[in-house]
Each structure stands twice: as structure tokens, then as C-alpha cells.
Amino acid sequence: MTSSSSFSGGDPTLGPAGATAALILADGSVLWGHGLGAVGETGGEVVFNTGMTGYQEVMTDPSYAGQIITFTFPHIGNVGANPEDVEAITPAARGCILRAPVTDPSNWRAAQHLHAWLASHDLVGMTGADTRQLTRRIRDRGAPNGLVVHAPDGLFDLVGLRARAAALPGLEGQDLAKGVSCAQTHAWDQTRWTLGHGYGTLDTPAFHVVAVDFGAKRNILRSLASHGCRVTVVPASASLDDILSHDPDGIFLSNGPGDPAATGTYAVPVVRGLVETGKPIFGICLGHQILALALGASTYKMDIGHRGANHPVKDHTTGKVEITSQNHGFGVARDSLPPGVTETHTSLFDGTVEGLAVDGKPVFSVQYHPEASPGPQDSQYLFARFVDHMTAAKP
1 MTSSSSFSGG
11 DPTLGPAGAT
21 AALILADGSV
31 LWGHGLGAVG
41 ETGGEVVFNT
51 GMTGYQEVMT
61 DPSYAGQIIT
71 FTFPHIGNVG
81 ANPEDVEAIT
91 PAARGCILRA
101 PVTDPSNWRA
111 AQHLHAWLAS
121 HDLVGMTGAD
131 TRQLTRRIRD
141 RGAPNGLVVH
151 APDGLFDLVG
161 LRARAAALPG
171 LEGQDLAKGV
181 SCAQTHAWDQ
191 TRWTLGHGYG
201 TLDTPAFHVV
211 AVDFGAKRNI
221 LRSLASHGCR
231 VTVVPASASL
241 DDILSHDPDG
251 IFLSNGPGDP
261 AATGTYAVPV
271 VRGLVETGKP
281 IFGICLGHQI
291 LALALGASTY
301 KMDIGHRGAN
311 HPVKDHTTGK
321 VEITSQNHGF
331 GVARDSLPPG
341 VTETHTSLFD
351 GTVEGLAVDG
361 KPVFSVQYHP
371 EASPGPQDSQ
381 YLFARFVDHM
391 TAAKP
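Here the sequence shown stands for residues 1 to 395, numbered as in full-length UniProt numbering.
Think of the hints as simulated: they come from the structure by calculation, not from any bench.
Watch out, some of these pointers could steer you wrong.
Straight-line distance between alpha carbons at most 25 Å, and here's what the computed DSS-like set of lysine-lysine pairs gives [said to hold, decoys possible]:
no., residue 1, residue 2
1, LYS320, LYS361
2, LYS301, LYS178
3, LYS361, LYS394
4, LYS361, LYS279
5, LYS301, LYS314
6, LYS279, LYS394
7, LYS361, LYS314
Model the full structure from these sequences, guided by the hints.
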């Protein structure tokens, strides 16, 4: 229907004929479509992801907490959902916006239709949206707040919805890491998935890594285990003494959602203390940003952010270009990097900082996701680099 692909004011109670869902942005704009997943409404920051595969991994990535994901690839849901392709037990994303209706699964690994999977996790979705138009709007004007509403009866209280959308808080200043972090310390020894075998188990670890969980994806922990690391996962609020009491060979700082500056009261001082120990440290995404803050740099909210599986990044330590998987809405300010901290990776999309290292110490981090899931495997060498640092630090 024509009205499903355009922003409009609409009748204050009734959507266009056939519409069972709507996206209401904070400025009052409305995009009509068809409901998917749970019935009801959900609010958050509306962003877009350009990945062509891995929608289930994207929806369960804890870094998407507080966000509604617009998928730019039109055919989302055609391989269904299964219990293996999740990055967290409970999805942190708020909802999703899709272009095409979701077809029945056509993959041998599928265990559930995407509609049923979304509903089982109380996630509200919408199909039939003009995702190209929405993506251009986000690209040109920044990521807005919005509400996704699924109403099978086609009735929408637009006056109330617009008011609630306008009142939604932005992600700037929000500490979301504690909300997606583990509640207690636990061990991890599961390795990466392989065809015909599924996930494996690490039998003979060579190193012990403490992973600080700011919203860790499972495939990061699997990648560490696949590189010979027995992993102890600790909550985001773990103290310096808590972490060091495990006598780790190295410390990993995980990805996660929200404003990195909002972790300043608990995480940043701890990471500063970890750097002073001289132990090898590896940070990803939010962990990269928190490390930068601990080293004296500053972070900022990006207008759009980077979300997808096709982002080119140059590694200045090797001169090579890698295609990376990314998901972040905050960045590290280049001009704030203090002496002794070197920018190691740079985005070839927009020139933003994608990695750093501390001169003379085995401490480094990247803004993107070397574990992929979904995405290319170009950056797996970073886990090997971390292992090399731990090998060199062994007495």
C-alpha cells in the first residue's frame, strides 16, 4: 500500500487500510507497515544495520540495548531462527524494522519462524516499511528516538504515541552496560562453531583470561577459548582486587551498549588500575572506549555510528586493510589521545579512530568486532596478537 512507505501525519486513531504497525519518530513522523513478533509497543534509538546475513546474531548482540534496528537488506528472516545463532540468552535490542514480509524458513538449521522467535522474546517488529527512506533519514539527520507499535486491530493513538516518542531519553549519558552484564562470575570454555560439530570445548588451556563483561557477545568468548584461553567472566562492576584475585595472564574488556563516559564512576578507574599492572589487555568496542577514557582520552556521540559487516579499516601496524563487522554509536576523539597512546587502526569510511595501543605496554584495543558473528573473519588475528602478548609476558 502506498501509505505504508511514506511518513505522514495520518488519522489520530486509525492507520491506513491494512496497516497493523507503525514507527513513530520523536519529531512526530509516522511510517506505516505490518506487525511482526510481539503485540504492543517498544521505544528506543532507531538505527540501521547494513549486514546481509546474521540478523539473529544482530538482534541478540548486547551492544544493541536500547535500540530499534532497521535492516537495510530487504530479505530478513528467510533462514528462520535457531538456538545456536544467539550472542546472548535474552535479546537486548528493543525491536526491528524490515522491508519485505518474512517468508517461511528455508534453511536446514531453522528451528523457528522469525515471527515466532521475536514474539517469544517479546520483541516488536514491523515489515513493509520503506527502509531505504528511513535509512536516508537516519544518515542525513542522525539516529532519532522512536516507537514501534504492533496493533493487529489497526487502531493507533497517535496523539499519545507521539507524546511518548518525543519523551524518550537519548543514549547519551546512559549507562546500559550494567543492565546487560552477567550477575555473577562464571567460567567459559566453549569454542567456536564448526560445520558438522557445532560448538566445541577447550580441553587444554594455555592461558587464563579474565573477561570484564560490559555486554559480551558469546562469540568473543568462544574466540578467546578457540585461541587456548580459559576464560573467567566477571561483572562490569568487578573491582580491581576482584579481577586480580583470579591471577589472570591477560584481561579482556568486552563490547557493550550505552555511553562509555557513563561508566566513569566504576569501570574507568578499574581499567586505569589494570593498565598500571603491566598485564596484557585487549579491548573491543565499549571496552576500547573505556580503555581510551582510562588512558586520558575522551569519547563522543556519533550522529550515525557504524553498524554492519562491510566496514573497511586500515591496520597501521601492518599496512593491511581488513573488512570488519561493527556496531557502535560512540567514538574516541583522535585529538584527545594523550602522548604514549598510538592510533593503530583507522576507518576508511569516515576516518574515525578504530584502534589504539599503549606505547611500551601489551595494551591495545579496537572499535570494531574481530569475532564477527555475523561478518567477515579478516580480524581474527587480533586474538592471536593478544595471545602473543600473553606469551611474551609469561615468566
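Hints and how they fare:
1. LYS320 <-> LYS361: Measuring from Cα to Cα gives roughly 23 Å; hence the hint holds.
2. LYS301 <-> LYS178: holds, 19 Å
3. LYS361 <-> LYS394: holds, 14 Å
4. LYS361 <-> LYS279: holds, 8 Å
5. LYS301 <-> LYS314: Given pair LYS301, LYS314 holds - Cα atoms ~22 Å apart, limit 25 Å.
6. LYS279 <-> LYS394: Satisfied, since the Cα-Cα distance of roughly 10 Å is no more than 25 Å.
7. LYS361 <-> LYS314: Distance ~22 Å between LYS361 and LYS314 Cα, so the pair holds.
In the structure shown, no violation is registered for any of the earlier numbered hints.
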